[in-house]
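Engineer: Chains A and B supply the protein sequences, listed in that same order. So the first sequence is numbered by the numbering used here: it starts at 1 and just counts up by one. So the second sequence is numbered by the numbering used here: it starts at 1 and just counts up by one.
The set of hints was computed from the structure by calculation and includes no laboratory data. For each residue, glycine too, the CB sits at the ideal point set by N, CA and C. Wrong hints could be hidden among the right ones.
Unchecked claim - From the derived model, a few chain A residues whose C-beta atoms are all more than 10 Å from chain B:
| id | residue |
| --- | --- |
| 1 | S14 |
| 2 | E15 |
| 3 | V29 |
| 4 | K58 |
| 5 | F67 |
| 6 | D85 |
| 7 | D97 |
| 8 | V112 |
Said to hold, decoys possible - The calculated lysine-lysine pairs, modelled on DSSO-like cross-linking and capped at a C-alpha distance of 30 Å, are:
| id | chain 1 | residue 1 | chain 2 | residue 2 |
| --- | --- | --- | --- | --- |
| 9 | A | K71 | A | K49 |
| 10 | A | K101 | A | K71 |
| 11 | A | K49 | B | K13 |
| 12 | A | K68 | A | K101 |
| 13 | B | K53 | B | K18 |
| 14 | A | K101 | B | K71 |
| 15 | A | K49 | B | K18 |
| 16 | B | K57 | B | K3 |
| 17 | A | K49 | B | K55 |
| 18 | B | K71 | B | K3 |
| 19 | A | K49 | A | K69 |
| 20 | A | K58 | B | K70 |
| 21 | A | K49 | A | K101 |
| 22 | B | K18 | B | K71 |
| 23 | A | K101 | B | K18 |
| 24 | B | K18 | A | K69 |
| 25 | A | K101 | B | K3 |
| 26 | A | K101 | B | K53 |
| 27 | B | K71 | A | K49 |
| 28 | A | K58 | B | K53 |
| 29 | A | K58 | A | K68 |
| 30 | B | K70 | B | K53 |
| 31 | B | K3 | A | K71 |
| 32 | A | K58 | A | K71 |
| 33 | B | K3 | B | K70 |
| 34 | B | K18 | A | K71 |
| 35 | B | K71 | B | K53 |
Chain by chain, the residues run as shown.
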Amino acid sequence: AQSVTQLGSHVSVSEGALVLLRCNYSSSVPPYLFWYVQYPNQGLQLLLKYTSAATLVKGINGFEAEFKKSKTSFHLTKPSAHMSDAAEYFCAVSPTDSWGKLQFGAGTQVVVTP
Amino acid sequence: DVKVTQSSRYLVKRTGEKVFLECVQDMDHENMFWYRQDPGLGLRLIYFSYDVKMKEKGDIPEGYSVSREKKERFSLILESASTNQTSMYLCASVGRETQYFGPGTRLLVL
């Protein structure tokens, strides 16, 4: 069975500061890994994904994430926060043999302060 | 652009009513999924389908059923709505290594 843990249900960051959202997973084999963002009253939008290619993955809106197999982590970062980054972020995993069947973390709400 | 549409953005129903949530995708995807989203719990998989007339239970199927008569449409059915089914429901369609989500239906069961 797979599981996802997002550390911190709420994160407050100053505009221009580093954004760091933590995600750890549990899986018997390296899965596919994803980060999604959800803006208020909208569906989920894919930020980036890891599918066993490069371990450093670049996504949209200046976000990137690094897959670390030894630490079973897939933390999301952005060097400089923008007010428009305020949203809820979800980390998710999918087994490689059941493509699309996602297991989500509980989510991290990001607040950006001026 | 891939489009996944859901029939309603907001829905209010009474306990015991039969509720239909419809999801339509326009990209000829074979794989479709229904999730519910609750604060502090993230998204949880209810049912999914890898083909027409095919369905499989997800992690929390109790109280729900689904229908997939056509490839583009995947319906979630609450046979007898209960207050604990008040939630946000999200449909997803899976293409080449990417899930595309609909805007969600916020269901309130009174």
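Engineer: Each hint should be assessed against the structure and marked as holding or not.
Structural biologist: Structure-based check of all given hints:
no., hint, result
1, S14, "holds, 25 Å"
2, E15, "holds, 26 Å"
3, V29, "holds, 17 Å"
4, K58, "holds, 15 Å"
5, F67, "holds, 15 Å"
6, D85, "holds, 19 Å"
7, D97, "holds, 12 Å"
8, V112, "holds, 20 Å"
9, K71(A) to K49(A), "holds, 18 Å"
10, K101(A) to K71(A), "holds, 23 Å"
11, K49(A) to K13(B), "violated, 37 Å"
12, K68(A) to K101(A), "holds, 22 Å"
13, K53(B) to K18(B), "holds, 21 Å"
14, K101(A) to K71(B), "holds, 18 Å"
15, K49(A) to K18(B), "violated, 37 Å"
16, K57(B) to K3(B), "holds, 24 Å"
17, K49(A) to K55(B), "holds, 26 Å"
18, K71(B) to K3(B), "holds, 14 Å"
19, K49(A) to K69(A), "holds, 15 Å"
20, K58(A) to K70(B), "violated, 36 Å"
21, K49(A) to K101(A), "holds, 14 Å"
22, K18(B) to K71(B), "holds, 23 Å"
23, K101(A) to K18(B), "holds, 27 Å"
24, K18(B) to K69(A), "violated, 46 Å"
25, K101(A) to K3(B), "holds, 19 Å"
26, K101(A) to K53(B), "holds, 18 Å"
27, K71(B) to K49(A), "holds, 26 Å"
28, K58(A) to K53(B), "violated, 37 Å"
29, K58(A) to K68(A), "holds, 15 Å"
30, K70(B) to K53(B), "holds, 8 Å"
31, K3(B) to K71(A), "violated, 36 Å"
32, K58(A) to K71(A), "holds, 20 Å"
33, K3(B) to K70(B), "holds, 16 Å"
34, K18(B) to K71(A), "violated, 46 Å"
35, K71(B) to K53(B), "holds, 9 Å"
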